[in-house]
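Novice: Whole structure, please, built from the sequences with the hints as guidance.
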Amino acid sequence: MALIRVEHVDKSFAGRHGSISIMHDISFDVKDADFVAIVGPSGCGKSTLLRLMQGLDHPTAGQIFFRDQPVTTVCSKMAMVFQSFALLPWLTVSQNVAFGLEALQWTPERIKAQVERYVSATGLDGFQEAYPRELSGGMRQRVGLARALAVEPTVLLMDEPFSALDALTAEGLREEILQLWQDPELPPEAVVLVTHNIEEAIQLADRIIVLSRRPSHVLSIVNVDLPRPRDRKSAAFYDLTDRVYSLITEGGTAPTAPAASAQEPLAR
1 MALIRVEHVD KSFAGRHGSI SIMHDISFDV KDADFVAIVG PSGCGKSTLL RLMQGLDHPT
61 AGQIFFRDQP VTTVCSKMAM VFQSFALLPW LTVSQNVAFG LEALQWTPER IKAQVERYVS
121 ATGLDGFQEA YPRELSGGMR QRVGLARALA VEPTVLLMDE PFSALDALTA EGLREEILQL
181 WQDPELPPEA VVLVTHNIEE AIQLADRIIV LSRRPSHVLS IVNVDLPRPR DRKSAAFYDL
241 TDRVYSLITE GGTAPTAPAA SAQEPLAR
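Residue 1 is where the sequence shown starts when you use our numbering, and the numbers rise one by one after that.
Careful, some of the hints might be misleading.
[Claimed, not checked] Each pair of labels, with its calculated beta carbon distance range:
# : residue 1 : residue 2 : range
1 : GLN179    : TYR245    : 44 to 54 Å
2 : GLY172    : LEU104    : 29 to 39 Å
3 : SER120    : THR60     : 38 to 48 Å
[To be verified] In the EDC-like style, the derived pairs of lysine to aspartate or glutamate whose C-alpha atoms are separated by at most 16 Å in a straight line are:
#  : residue 1 : residue 2
4  : LYS77     : GLU189
5  : LYS112    : ASP125
6  : LYS77     : ASP32
7  : LYS112    : GLU102
8  : LYS112    : GLU129
9  : LYS112    : GLU152
10 : LYS77     : GLU152
11 : LYS233    : GLU199
Hints in this document: simulated from the structure, not taken from any laboratory.
We put the CB at the ideal spot given by N, CA and C, even for glycine.
Specialist: Below you can see the structure in the form of structure tokens.
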């Protein structure tokens, strides 16, 4: 059973001169143990699609399901990591991580233990009482990740989480995301990453959903059958990069992969 099913989703917004279509007839699945990346041209609705999946917004047409139940409101089994960190500046690291847990009405003792677990898991030990302004960009993104993981989501949604970071910091966090996802003792069961960086998508994901220009549709679902850790200098990596880049720039002249629902998820 798919964790998430996106079925024939359209999304339009009201504009000054009429309705503006962002996406049309988007369909794909996210299964257990999936690491899925979504790529496409700027403005094609990648971030909007994440918000639709979590229930922060609603499709104009079509439907999204989580474990066969329609997503009609914010899904508590998904958590989002944002590009802009989205931390509360007046709260400490520990308080930011605890923020979502307090909304779940957990006991103070349980919240404290959960915060300690995910502060440690994301490499924030020693910074519990620091404020966001006292942290580097990489450390602030770790706080956002710890806050998302602390609620133990089934699906982690990531909206260009590394784009505001320098290259070395981003590379380190990518590796840490993979380690957390591959750890059976830690959530999530699946990750959906939106990125404009094709190499990042190939480095991290097992499947890449390639969207067209607006109004976007699925050009292809590309399987990344490369062993981890992935060598970005290998011929296979270059070939996949070129294939995905060509799909985006040429508008889908390459053959379309089988539908996501017909593909078996790769081992975690």
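Novice: Now tell me if each hint is right for this structure.
Specialist: To see whether the hints hold, each was checked on the structure:
1. GLN179 and TYR245 have their C-beta atoms about 28 Å apart, which leaves the hinted 44 to 54 Å range violated.
2. Hint check: GLY172 to LEU104, Cβ distance near 30 Å, so the stated range 29 to 39 Å holds.
3. Taken as a hint, the range 38 to 48 Å holds for the pair SER120 and THR60, whose Cβ atoms sit roughly 43 Å apart.
4. Between LYS77 and GLU189 the alpha-carbon distance is near 10 Å, which keeps this suggested pair within the 16 Å criterion.
5. Simply put, LYS112 and ASP125 have alpha-carbon atoms about 14 Å apart, close enough for the 16 Å limit, and the pair holds.
6. Straight-line distance between C-alpha atoms of LYS77 and ASP32 comes to about 13 Å, which keeps the hinted pair within the 16 Å bound.
7. Pair hint LYS112 plus GLU102 holds up; C-alpha atoms about 10 Å apart against a cutoff of 16 Å.
8. Under the criterion of a C-alpha separation no larger than 16 Å, the hint pairing LYS112 with GLU129 is consistent with the structure, at around 13 Å.
9. Restraint check: the Cα-Cα separation between LYS112 and GLU152 comes to about 15 Å, which is no more than 16 Å; the hinted pair holds.
10. Distance check on the hinted pair: LYS77 and GLU152 sit about 8 Å apart at the alpha-carbon level, within 16 Å; holds.
11. As the CA atoms of LYS233 and GLU199 are separated by approximately 11 Å, the hinted pair is consistent with the 16 Å bound.
Taken one by one, the earlier hints fail for this structure only at number 1.
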